[in-house]
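Put chain B on the given structure of chain A with help from the hints.
Protein chains in written order, with our numbering: chain A, 1 to 256; chain B, 257 to 418.
No wet-lab data here; the hints were simulated from the structure. Take these hints with a grain of salt, some might be off.
[Unchecked claim] Okay, derived cross-link-like pairs now, DMTMM-like style, lysine to aspartate or glutamate, Cα gap no bigger than 25 Å in a straight line:
# : chain 1 : residue 1 : chain 2 : residue 2
1 : A       : K13       : B       : D307
2 : B       : K384      : A       : E34
3 : A       : K12       : B       : D307
4 : B       : K258      : B       : E381
5 : A       : K13       : A       : E34
6 : A       : K32       : A       : E80
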Amino acid sequence: MDHTVLINCSPKKKLSVSGFIMKCAGLMVRGKKEYLHLRTPADRERILQALKDAGKVVFAVPLYVDGVPSHVLPFMKEMERFCLENGLRLKVYVIANNGFIEGRQNEPLMQVMENFCARSGLEWCGGVGIGGGVMLNVERIMITVLFGLMILNMLLRGIQGENILEPVRSFGISVAELLVLCCGIIAFTVRLALHISKGTDAGKRYTRIMLPSFIFILCADIFFTIISVFQGGFFRGWFSRFKPDAGCSIITGKDQ
Amino acid sequence: MKTIIHDLGKEQNEKLLAAADQVICADGRYAPCQGCFKCWTKHPAACEMKDALYQSCRVLGMSDDLTVITENLYGGYSPAVKNLLDRSIGISTPFSTYRGGQMHHTLRYGRRNCLYIIAYGNISEPEKSTLKLMAERNAVNMGFRECRVAFCADAEEAGGLA
Numbered sequence: 001m002d003h004t005v006l007i008n009c010s011p012k013k014k015l016s017v018s019g020f021i022m023k024c025a026g027l028m029v030r031g032k033k034e035y036l037h038l039r040t041p042a043d044r045e046r047i048l049q050a051l052k053d054a055g056k057v058v059f060a061v062p063l064y065v066d067g068v069p070s071h072v073l074p075f076m077k078e079m080e081r082f083c084l085e086n087g088l089r090l091k092v093y094v095i096a097n098n099g100f101i102e103g104r105q106n107e108p109l110m111q112v113m114e115n116f117c118a119r120s121g122l123e124w125c126g127g128v129g130i131g132g133g134v135m136l137n138v139e140r141i142m143i144t145v146l147f148g149l150m151i152l153n154m155l156l157r158g159i160q161g162e163n164i165l166e167p168v169r170s171f172g173i174s175v176a177e178l179l180v181l182c183c184g185i186i187a188f189t190v191r192l193a194l195h196i197s198k199g200t201d202a203g204k205r206y207t208r209i210m211l212p213s214f215i216f217i218l219c220a221d222i223f224f225t226i227i228s229v230f231q232g233g234f235f236r237g238w239f240s241r242f243k244p245d246a247g248c249s250i251i252t253g254k255d256q
Numbered sequence: 257m258k259t260i261i262h263d264l265g266k267e268q269n270e271k272l273l274a275a276a277d278q279v280i281c282a283d284g285r286y287a288p289c290q291g292c293f294k295c296w297t298k299h300p301a302a303c304e305m306k307d308a309l310y311q312s313c314r315v316l317g318m319s320d321d322l323t324v325i326t327e328n329l330y331g332g333y334s335p336a337v338k339n340l341l342d343r344s345i346g347i348s349t350p351f352s353t354y355r356g357g358q359m360h361h362t363l364r365y366g367r368r369n370c371l372y373i374i375a376y377g378n379i380s381e382p383e384k385s386t387l388k389l390m391a392e393r394n395a396v397n398m399g400f401r402e403c404r405v406a407f408c409a410d411a412e413e414a415g416g417l418a
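Same shape as in the complex, but just chain A (with noise of 0.2 Å):
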């Protein structure tokens, strides 16, 4: 019972800072492994199977209002009824990641999991949670340029007949400063990493982009700045209190 599954829990089909952490730990845990995305309860039956063959299980969780997402929960207790059913004993991991800066912002959802243990007969192992993954997402979209430039440069430097080499010095301290910023979260998840592999219990431990949180709140402030205007223009309501139009069909008013 080697075999580790890891399921990525975010919705989103593509740039999930959860599911590009739960790969990087996958890459450094040993034994056998299966990668799942749960996005829609199609997804539910085809993780459940795989879930028969394997001693350990991984779920990369973005954090949402404090806690699990809500496609999420639906599959926990399925996976509940699953495991008691086939008398699963799986160890559970979780990487939790959240948009703001604090890792310890994880705990709710760390402890909704560890309940969800509790009530399914599984072995709580404990895990890690992230504050401002968002940034990694930055990070390879930089070191992905960066890369580029450098293979440019070189091509140039190689026609013009000088040292080839001196990009990929510049390329690698670049580098190496936006590593230091995800320093924390990389020794995390590499410690996690060995205790998948090991099947032992990692606790929960928090940590964070190494940034500093006024800077992280600035650069979080431009980001969707950018966005906004991209999306959609200047100003349209971004802090007006919008009230719900007349007659919106979930509410059950006195007046109705």
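Below, chain B alone, put in the same frame as chain A:
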């Protein structure tokens, strides 16, 4: 304005209206949040998915007092209630600030009174502890000055506590 969100079934709406100005039954028949953030960036306070929860954040945002009646699930909300809350993040703006010493989004609708969570079902002691923590965190995130949590054994009793 006081709003009750519940997962007790639509037939309880009229009864719950005696204790609130408006009632929302979370029946779980909605698409889950896709994490696209377009309710922040593209069309503020309105979801990209044009179903019944399209403007749920506006309803919750206009509520001075919010009562959530939910079946306990591992110390959190039921899938139907969580679905509604996940789809309502437009209650805040995409911009960030400090609240309670931590990073949070700024509030579109300002500070409000009380978040009251009534959890029913079989609830273990660790799950009660998690629910209390969840309520505190949600209250800070959504801008409620106060939060309360009550536990009860069954749905009928939960409806009476609202």
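Here is what the structure says about each hint:
Among the hinted pairs, A:K13 with B:D307 is consistent with the structure: their alpha-carbon atoms are about 21 Å apart, no more than 25 Å. Among the hinted pairs, B:K384 with A:E34 is inconsistent with the structure: their alpha-carbon atoms are about 34 Å apart, more than 25 Å. With a CA separation close to 19 Å, the supplied pair A:K12 and B:D307 stays within the 25 Å bound. For the suggested pair B:K258 and B:E381, the alpha carbons sit about 29 Å apart, so the restraint of at most 25 Å is broken.
With a C-alpha separation of about 18 Å, the suggested pair A:K13 and A:E34 falls inside the 25 Å cut-off, and the hint holds. For the suggested pair A:K32 and A:E80, the alpha carbons sit about 23 Å apart, so the restraint of at most 25 Å is met.
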